[in-house]
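Taking the hints into account, I'd like the entire structure generated from these sequences.
Chains as they are written, first to last, in this note's numbering: chain A, 1 to 201; chain B, 1 to 201; chain C, 1 to 201.
The reader is advised that the hints may include incorrect statements.
Heads up, the list lumps identical chains together, so a pair's fine if it works in one copy or across two of them.
[To be verified] As a list, the in silico DSS-like pairs of lysine-lysine whose alpha-carbon atoms are at most 30 Å apart:
#1 K59 / K161
#2 K133 / K50
#3 K87 / K50
FYI, nobody ran anything at the bench for these hints, they're computed from the structure.
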Amino acid sequence: MQTEVDLLVLPEEKLRQKGIVLPEPPKPIGTYLPAVRSGNILFVSGMIPKIAGQPSSPKGKVGRDLTSQEGYDAARLCVLNALAAAKMELGGLDRISRVVKVVGYVASAEGFADQPLVINGASDLLVDVFGEKGKHARVSVGVAELPGNVPVEVEVTFEIKGSETGADIEADHVQENLLKEAEQKTSARRRSRGPYRKAAV
Amino acid sequence: MQTEVDLLVLPEEKLRQKGIVLPEPPKPIGTYLPAVRSGNILFVSGMIPKIAGQPSSPKGKVGRDLTSQEGYDAARLCVLNALAAAKMELGGLDRISRVVKVVGYVASAEGFADQPLVINGASDLLVDVFGEKGKHARVSVGVAELPGNVPVEVEVTFEIKGSETGADIEADHVQENLLKEAEQKTSARRRSRGPYRKAAV
Amino acid sequence: MQTEVDLLVLPEEKLRQKGIVLPEPPKPIGTYLPAVRSGNILFVSGMIPKIAGQPSSPKGKVGRDLTSQEGYDAARLCVLNALAAAKMELGGLDRISRVVKVVGYVASAEGFADQPLVINGASDLLVDVFGEKGKHARVSVGVAELPGNVPVEVEVTFEIKGSETGADIEADHVQENLLKEAEQKTSARRRSRGPYRKAAV
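Dropping the structure here:
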């Protein structure tokens, strides 16, 4: 249940509340970048469910080697990588004004048709972290093969807060201060929560 | 044949001329949205050829379960859904200044290589409705599987008229008035046309 | 090895240095365009490795009908077409301020998982031509089928230099003059290079 106060909680505080620690952003294997900013849009590279030092997602095709639920968990891991890449590029997730688009590619066994259930793993985490601003346009398709035989690849596009003008920067600071206040109040109020269960990512 | 007057006809009037009634915008099954606006770009979610209360497209793969022509018709249905989503988000299609991009995913049987013929069903409808402004950059690929075993999924990106400044809004109003005048003249001139044949959507 | 002076060399001069002649931009087979500009973004249509008057890439699926290296070469050809389309739309590649995104679709045999190695053919050429500004966000996936049974399709998105205001245009001119000076110095210094080997494209 999302309360009005929740909407004011900063994304990184949301992650802390849920016990989620962002991984190291994945290193590109080629002459490309984890994320590129153009104007107010941050284009993040397609991310796979592979996180150094964490148990990987099973490999293969959803509907044959993985269940939809395992695919959902893998899509969630992809978004953790996308958030890590965005944070590295921007300095902090609080620079994000909204999630714009998600394209989810599901390596699909013949006849598997529940790609949306799999990509909900990406969408749900984004909404967990950004609230209403986490909702996005979405494309879900079933592809033949994915790099390294992973079951899911997710591309996330973010909108970032404008800071071209002094006025914008000032407005951002005011907003950030308001948010920090709200955050402190929330922190004081909220009861402690259990640790983040890795298997449920 | 497109005349100069046609170019001035508003998109929604074009739909009426062709007897096309936009469907209810499809409801997302997940924590995402039918369309998201960022700046002057409207990102519409991937749309499938399923319209409530209308005969659905056949399911399966093009080149095995559907002909290219049936795929073409399905791609057209996808765009109707995209237009419905855009209209819901913007209030009216007249806010669209141009179509920017179409990505067409065709569920393809082994060896099927005519994805462009299928996605022409999307492109042709957009040009029917928006004229020259309906032409777009395009990507057509053949995927393994699609949600609910539909044969085609289409993602459309629109550019919308800027309205950040009073000057822009004023210019829009002047243009709209000009367009309405042109429209009235066109309506007066044009002969009545037959009803829109559903099967040909 | 990239020197500081190299970074100042204009993209079209870089192509000349490498003996690369851009092909005729491919003609769309349908009611779409090779490239569409919206704001500062240039969206180029998905390009295939087919260039009039040049030996085509082998057809089929990478991992069965083509090796990864042949796929790499095909991805490079796709980017040549994308550059040709961008040049036609913009008048010259020097209007490009950076490469924003590459989406690479690899027609993949069952079990083929080296899509990134194939799409490196696209990424490497972009970095060859644009230097650091050629690095981009990237998505690589393995699809079932592609138009005309080509092995690779590549979609490139560019950022173009803003020229909405007089100040921007002036700044561009200053920069162009600086670049031309640097170019002349480079031309004088560099030793002649061998002709561009077609097979290595």
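Verification of the supplied hints:
1. K59 / K161: neither (37 Å within a copy, 42 Å between copies)
2. K133 / K50: This pair counts as both: shortest intra-copy Cα distance 26 Å, inter-copy 28 Å.
3. K87 / K50: Within. Shortest intra-copy distance 18 Å satisfies the 30 Å Cα cut-off; inter-copy 38 Å does not.
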